[in-house]
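Chemist: These are the residues of each chain, in order.
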Amino acid sequence: MRLLIGIGAGLLALGTVVSLHGPVALTAPNRLAVLSASAAIFPDPDPQDYSIFKEKIPVAQAESTLPAQTLAVAKSFLGTPYVSGTLESKGPETLTINLQQLDCWTFMENSLALALAARTTAPSLDSMQYFVQKLRYWGGAIDGYASRMHYFTGWLLQAEKSGYLKNITRELGGIPYRKKSDT
Amino acid sequence: MSARPQKYPELKDPAALQQIRQVEQRLNAHDWFLFHRKKLPVLNPSFRTATSSPLLPGKKTWIFHTRVLRSAKMATSTCCTPLRWANAY
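These protein sequences, in sequence, are chains G and E.
Going by this note's numbering, 98 is the number at position 98 of the first sequence; the sequence numbering is gapless.
Going by this note's numbering, 7 is the number at position 7 of the second sequence; the sequence numbering is gapless.
The set of hints was computed from the structure by calculation and includes no laboratory data.
Mixed in with the good hints there might be a few duds.
[As the list claims (entries may be wrong)] Calculated pairs, BS3-like style, for lysine-lysine (alpha carbon to alpha carbon, straight line, at most 25 Å):
id	chain 1	residue 1	chain 2	residue 2
1	G	K75	G	K166
2	E	K12	G	K90
3	G	K54	G	K75
4	G	K161	G	K134
5	G	K90	E	K7
6	G	K90	G	K134
7	G	K134	G	K54
8	G	K134	G	K166
9	G	K75	G	K134
10	G	K166	E	K39
11	G	K166	E	K38
[As the list claims (entries may be wrong)] Between beta-carbon pairs, the in silico distance windows are:
id	chain 1	residue 1	chain 2	residue 2	range
12	G	E171	E	A15	33 to 41 Å
13	G	D44	E	P9	25 to 33 Å
14	E	R26	G	E55	31 to 39 Å
15	G	K54	E	P14	37 to 45 Å
16	E	K38	G	A122	41 to 49 Å
17	E	Q18	G	R178	20 to 28 Å
18	E	K38	G	L78	23 to 31 Å
19	E	Q18	G	S162	24 to 32 Å
20	G	G163	E	R26	14 to 22 Å
21	E	R26	G	Q100	31 to 39 Å
22	G	T94	E	H36	37 to 45 Å
23	G	G173	E	K7	33 to 41 Å
Cβ coordinates follow ideal geometry from the N, Cα and C atoms, glycine included.
In isolation and in its complexed conformation, chain G is listed as follows (with noise of 0.2 Å):
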């Protein structure tokens, strides 16, 4: 199997910095409710993440169901320089947020995250990287190396039990596909 996000130059230099939030408050009147978080760690947002974060809010506030927002989000995009492995860094594993540059994964987790975090009472940075870390790691936790999903397919599985989407092929009549994922 192929990598999604291969390895190579552009990654946030975020180091190991991180500032101590208090609980994520994610008082939304649905189901996003339930994931009020515990006391939660994240880095310090780079400057222009968090203005890039502002802007893409109300754009996904613009619109009202989680698809139309996704994509709203993902539209304004646009233009954003496509850039391959920004989530790999030297040291411990750490969240990285980057806005600034993307690949097609990072494009969609973001979009996402942000339609999800534009959807909470009082949308923070927090809690965009709240639902970035539970949609990029298993388990919604950090543990090295190998707790971030490197198959998208992984991601898939995730997404869809947390039940941000669903994966439509079978029910469309999709046929099987048995290539294994060990390469």
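Given chain G, put chain E in place with the hints provided.
Modeler: Coordinates of chain E only, in the frame set by chain G:
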């Protein structure tokens, strides 16, 4: 990945390599489905909303690209796995 650990510096760690192997086993145990692109025009009505987005695997690779899809006309790769964002939110 586990078949070519030398390509991934992080997999020098035996524990990480083992974890990746376990992930691969889980994914391989799952039933996956896809469409050949010739069928996409037939499926077009199903895709013609903002709620679908596909993966586009090729013949030799599993997944090499994913995108948010607005229309099946955008799907030009060999195969695809359409997804529908949940409307429950």
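Chemist: Next step is simple, just say for each hint if it's right about the structure.
Modeler: Each hint, compared with the structure:
1. Between K75 (chain G) and K166 (chain G), the direct Cα distance comes to roughly 21 Å. Compliance with the 25 Å bound is thereby established for this hinted pair.
2. Between K12 (chain E) and K90 (chain G), the direct Cα distance comes to roughly 14 Å. Compliance with the 25 Å bound is thereby established for this hinted pair.
3. Under the criterion of a C-alpha separation no larger than 25 Å, the hint pairing K54 (chain G) with K75 (chain G) is consistent with the structure, at around 16 Å.
4. Under the criterion of a C-alpha separation no larger than 25 Å, the hint pairing K161 (chain G) with K134 (chain G) is consistent with the structure, at around 11 Å.
5. Distance restraint check for K90 (chain G) and K7 (chain E): the Cα-Cα separation of roughly 15 Å lies within the 25 Å cut-off, and the hinted pair is therefore satisfied.
6. Restraint check: the Cα-Cα separation between K90 (chain G) and K134 (chain G) comes to about 22 Å, which is no more than 25 Å; the hinted pair holds.
7. Distance restraint check for K134 (chain G) and K54 (chain G): the Cα-Cα separation of roughly 20 Å lies within the 25 Å cut-off, and the hinted pair is therefore satisfied.
8. Taken as a hint, the K134 (chain G) and K166 (chain G) pair is honoured in the structure, with Cα atoms around 17 Å apart against an allowance of 25 Å.
9. Only pairs whose Cα atoms come within 25 Å are accepted, and K75 (chain G) paired with K134 (chain G) is accepted, the gap being roughly 23 Å.
10. For the given pair, K166 (chain G) sits about 20 Å from K39 (chain E) by alpha-carbon distance, which is consistent with the 25 Å threshold.
11. A threshold of 25 Å between alpha carbons decides the hint, and for K166 (chain G) with K38 (chain E) the separation of about 22 Å falls inside it, so the pair holds.
12. Range check, E171 (chain G) to A15 (chain E): Cβ separation about 38 Å, and the 33 to 41 Å hint holds.
13. At about 26 Å, the CB distance of D44 (chain G) to P9 (chain E) agrees with the hint of 25 to 33 Å.
14. Checked against the hint of 31 to 39 Å, the C-beta distance between R26 (chain E) and E55 (chain G) comes to roughly 38 Å, which is consistent with it.
15. At roughly 43 Å, the beta carbons of K54 (chain G) and P14 (chain E) sit within the given window of 37 to 45 Å.
16. Restraint check, K38 (chain E) to A122 (chain G): a C-beta distance of roughly 48 Å satisfies the suggested window 41 to 49 Å.
17. Separated by about 24 Å at the C-beta atoms, Q18 (chain E) and R178 (chain G) satisfy the suggested range of 20 to 28 Å.
18. Our hint of 23 to 31 Å for K38 (chain E) and L78 (chain G) holds, since their Cβ atoms are close to 29 Å apart.
19. A beta carbon spacing of about 25 Å between Q18 (chain E) and S162 (chain G) agrees with the range 24 to 32 Å that was offered as a hint.
20. In this structure the hint that G163 (chain G) and R26 (chain E) lie 14 to 22 Å apart at CB holds, the actual value being about 19 Å.
21. For the pair R26 (chain E) and Q100 (chain G), the supplied restraint of 31 to 39 Å holds, since their beta-carbon distance comes to about 33 Å.
22. In this structure the hint that T94 (chain G) and H36 (chain E) lie 37 to 45 Å apart at CB holds, the actual value being about 40 Å.
23. Taking the beta carbon of each, G173 (chain G) and K7 (chain E) are about 36 Å apart, inside 33 to 41 Å as hinted.
When the structure is compared with the earlier hints, no violation turns up for any of them.
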